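There are 2 protein chains.
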Amino acid sequence: MARRCFVGIDLGGTNIKGGVVDEDRKVLSRVSIPTEASKGPDHVIKLMADLVGRAIKEAGLSPKGIDAVGIGSPGSMSHTQGIIIKPPNLPGWKNVPLRDRIKELTGLPTTLENDANAAAWGEYWAGAGRGTRHMVMFTLGTGVGGGIITDGRLLRGHFDNGAELGHMIVQPGGRLCGCGQKGCLEAYASASYTGRRAQEAVEAGEPSVLRETFERTGQITSEDVVKAANNGDTLAGRVWDETCFYLAVACVNMQHATNPERILLAGGMTGACNALLDPIRRHAAEMTWKAADDLPEIIFATLGNDAGFIGAAGAAWLARQEGEI
Amino acid sequence: MARRCFVGIDLGGTNIKGGVVDEDRKVLSRVSIPTEASKGPDHVIKLMADLVGRAIKEAGLSPKGIDAVGIGSPGSMSHTQGIIIKPPNLPGWKNVPLRDRIKELTGLPTTLENDANAAAWGEYWAGAGRGTRHMVMFTLGTGVGGGIITDGRLLRGHFDNGAELGHMIVQPGGRLCGCGQKGCLEAYASASYTGRRAQEAVEAGEPSVLRETFERTGQITSEDVVKAANNGDTLAGRVWDETCFYLAVACVNMQHATNPERILLAGGMTGACNALLDPIRRHAAEMTWKAADDLPEIIFATLGNDAGFIGAAGAAWLARQEGEI
Chain D
1 MARRCFVGID LGGTNIKGGV VDEDRKVLSR VSIPTEASKG PDHVIKLMAD
51 LVGRAIKEAG LSPKGIDAVG IGSPGSMSHT QGIIIKPPNL PGWKNVPLRD
101 RIKELTGLPT TLENDANAAA WGEYWAGAGR GTRHMVMFTL GTGVGGGIIT
151 DGRLLRGHFD NGAELGHMIV QPGGRLCGCG QKGCLEAYAS ASYTGRRAQE
201 AVEAGEPSVL RETFERTGQI TSEDVVKAAN NGDTLAGRVW DETCFYLAVA
251 CVNMQHATNP ERILLAGGMT GACNALLDPI RRHAAEMTWK AADDLPEIIF
301 ATLGNDAGFI GAAGAAWLAR QEGEI
Chain U
1 MARRCFVGID LGGTNIKGGV VDEDRKVLSR VSIPTEASKG PDHVIKLMAD
51 LVGRAIKEAG LSPKGIDAVG IGSPGSMSHT QGIIIKPPNL PGWKNVPLRD
101 RIKELTGLPT TLENDANAAA WGEYWAGAGR GTRHMVMFTL GTGVGGGIIT
151 DGRLLRGHFD NGAELGHMIV QPGGRLCGCG QKGCLEAYAS ASYTGRRAQE
201 AVEAGEPSVL RETFERTGQI TSEDVVKAAN NGDTLAGRVW DETCFYLAVA
251 CVNMQHATNP ERILLAGGMT GACNALLDPI RRHAAEMTWK AADDLPEIIF
301 ATLGNDAGFI GAAGAAWLAR QEGEI
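Just so you know, the sequences run in chain order D and U. Quick note on our numbering: the first sequence kicks off at 1 and runs consecutively. Quick note on our numbering: the second sequence kicks off at 1 and runs consecutively.
None of these hints come from the bench; they were simulated from the model. Keep in mind it's a predicted model, so treat the numbers as computed, not measured. Errors might be hidden in some of the hints.
It does not matter which identical chain is used: a pair holds within one copy or between any two.
Taking lysine-lysine and the DSSO-like style, the derived pairs with C-alpha atoms no more than 27 angstroms apart in a straight line are [unchecked claim]:
(1) LYS86 - LYS290
(2) LYS26 - LYS64
(3) LYS94 - LYS290
(4) LYS39 - LYS57
(5) LYS39 - LYS227
(6) LYS26 - LYS103
(7) LYS227 - LYS64
(8) LYS103 - LYS64
(9) LYS46 - LYS94
From just these sequences and the hints, can you work out the full model?
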C-alpha cells in the first residue's frame, strides 16, 4: 500500500508556505508564494488552494494520492469550527470559515490549526520533539508564541487559545504588552521588545555602542543587542541577559505546569545560538527547585521555517488519526 | 449488571481517609483514621489495607464487589512505577512501592496518584469540574497544590510532577520558598506564607490589630489576616489583597498555558469565602488581556475534604477505563 500523504499550508502575513509530507514524515515538496494579504481573504484563499495543487504536482502526485490538508493560521481562530476569527496581520479577515473554503476548493478533507500549535506539533511529529511525549515549544520572533504537547497530544484548551505562552505574566505590574497585559513574557523576551528595551536605555542616556546603531538606523534590533553583548557592551549584555532570564522563568514555570521532558526554542532569535541557549540554561538551573530533578532539557528546534507547513501536514495526519476529518 | 465500585484512599500526614464510590460517582461509605505516621511505612500500609476492608464492609459490599483501589499520596511519587519517593510529611518513607503493597494486601487492582492530582480529578469526575473537559484546580492550604485536566485527561507530565502550580514563579527574585526557589506562588499565597507576611510586617513595626494576636499567640494565621482585613485593618487588607493578587496572576497564567474553561479553588483558605473569591476575580479581570475573551470562570471546589478519596476512587475508575490496571 502506498504511504499516505498530507499537504501542509502555513499561512503567514507575508508568505504562504506549503508542501507535501508523507506519513513517514518525509517532505516530498516545498513551495512558497507571497500572501498578497492586501487583496483580501477571497484572493488569499484562492492562492492557498492553488498552492495545494502546486505542492501536490511538485511531489509528483495527484489529488487522489493525498489523504488530507492541514492549515496553520495566525491570529485568534477556532480549530473546532475551522474559522479564522480576527488575525492582526491579515487585513479584512473576520470570522472566515477557512477550513471549509479550502475543503470546497480542493475537494480534500481539511483541518485548521493555530500556527504556533502547528509548528510545535511539527517539531513533535518530525523534528526535535521526536521520541518524547511531553514537550513545550517557545517560538521567539517579533512576538513570543508557544505550543504544548502533553502525553502525545496537542494541547488546545477550552477556548482554542492554549499555549499562548508569550502572554504568561513573568513580572506582575511590569512592562505594558501589546495584548493589554502588564509584564508578559513577550514584553521582555521577544525580539522586538528586546530591541526596544535597549533603545529605551540608550535614549535614557546610558553609554553603549548601540547609540551609534540607533542614530544611524533609527532603531535597535535584538540582533544588534546580541552582537553588542557578544562584544562586551555592558548595556547590551544586561538587556540580553534579562531576555534570557525571563525565558528561564518561563521554562521553570512550564516545568511546574505541564512538566515536559523537553523544552524547544524556535524562531528568529535562535540565530543567536549559544548566546541564547547557554544563559537560559544557566538561569533555569540556578532558579529551579531542588525538590525534584525534573528541569526539562532545553534545546533548539530543528525544522526552522519548515516547522509551520510540516506541522500543518502533521495536524492533518493527526486529525485523520483521531477520526476528526 | 451491578454498578462497578471503587475504593479511594487519601493518605495524609495526619489522617487516612477512604471510602467506596460507585461508577455513578455516588459515595457509598466514608471512613477516617489517624495515620500514626511515626510508626513507619509498614504500619501505615497495614492501616491502609485495613481501611480498604472497612470501607468495603461499611458500603455493604464484599471485596468481590470492588473493581479497583485508588490511592492519593503526598510528596514526590511516581504514578507509572506506583512508588512513593520521599514525602516530606511521612517520616521514614523512601521509594516505598505503595501501589504493589496495597495490591498484595487487598488482592485488588490498585493505582497510585499524586494527592493534588487525585483531588483535582475528584472535582472533575464528581464535583465542581463536572461538565467541562478543561479545568485547573488550586488547593490553598499550608502549601499551594495544583491539578490540571486537559481535554478530559489528567495531566501528569513526563516526570509525574505536573501541575505543581504552587511553584510557578510569580515574582522573579522574590520571597524564598521552602522548595528552594524564589518568588513561588506558594511563597506569597499559601495560608502559612500569608500569615508569615503579616507577621513580618507587624514585627517591622507596622500598626495593626494583628500585633495583639501575634503577642498573644506567637503567630499570625491566614484566618487572622482575613478576619482583620474584613474588619478594615490596613496592614491585613494589604497582605490579603497581595495574596489574592498573586492568585489572580496564577489564574491568568494558567488561562494562557492550558486555557481551561474553569478554575477551581479548594483547600482551607476557601473558608474565607467571598473575601477570597471576589478580589481574585477582580484582579484577574483587570489583569488579563483584551485580545480574546477567554478568562476562565473562577469558582470554589465543592467536595471539600472528600475530594481526596473520591478523586482516588475516580483515579481507580480512570485506570480501569484506560486499561492501565
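Here is what the structure says about each hint:
When the C-alpha separation of LYS86 and LYS290 is checked against a cutoff of 27 angstroms, the pair qualifies only between copies, where the shortest distance is 13 angstroms, while the shortest distance within a copy is 43 angstroms. For the homomeric pair LYS26 and LYS64, the shortest alpha-carbon distance inside one copy (19 angstroms) is at most 27 angstroms, but the shortest distance between copies (52 angstroms) is not. Proximity of LYS94 and LYS290 under a CA criterion of 27 angstroms is satisfied inter-copy only: 17 angstroms between copies versus 48 angstroms inside one chain copy. Taking CA atoms no more than 27 angstroms apart as the test, LYS39 paired with LYS57 passes inside one copy only; the shortest distance there is 26 angstroms, against 73 angstroms between copies.
For the identical chains of this complex, LYS39 and LYS227 are neighbours neither inside a copy (38 angstroms) nor across copies (62 angstroms), given an alpha-carbon limit of 27 angstroms. Taking the shortest Cα distances, LYS26 and LYS103 sit within 27 angstroms of each other inside one copy (23 angstroms), while across copies they are farther apart (46 angstroms). In the homo-oligomer, the alpha carbons of LYS227 and LYS64 never lie at most 27 angstroms apart, since the shortest distance is 50 angstroms inside one protomer and 71 angstroms across protomers. For a Cα distance limit of 27 angstroms, the shortest separation of LYS103 from LYS64 inside one copy, 14 angstroms, qualifies, whereas the shortest one across copies, 54 angstroms, does not.
In this assembly of identical chains, LYS46 and LYS94 lie within 27 angstroms of each other by CA distance solely inside one copy; the values are 17 angstroms within and 63 angstroms between copies.
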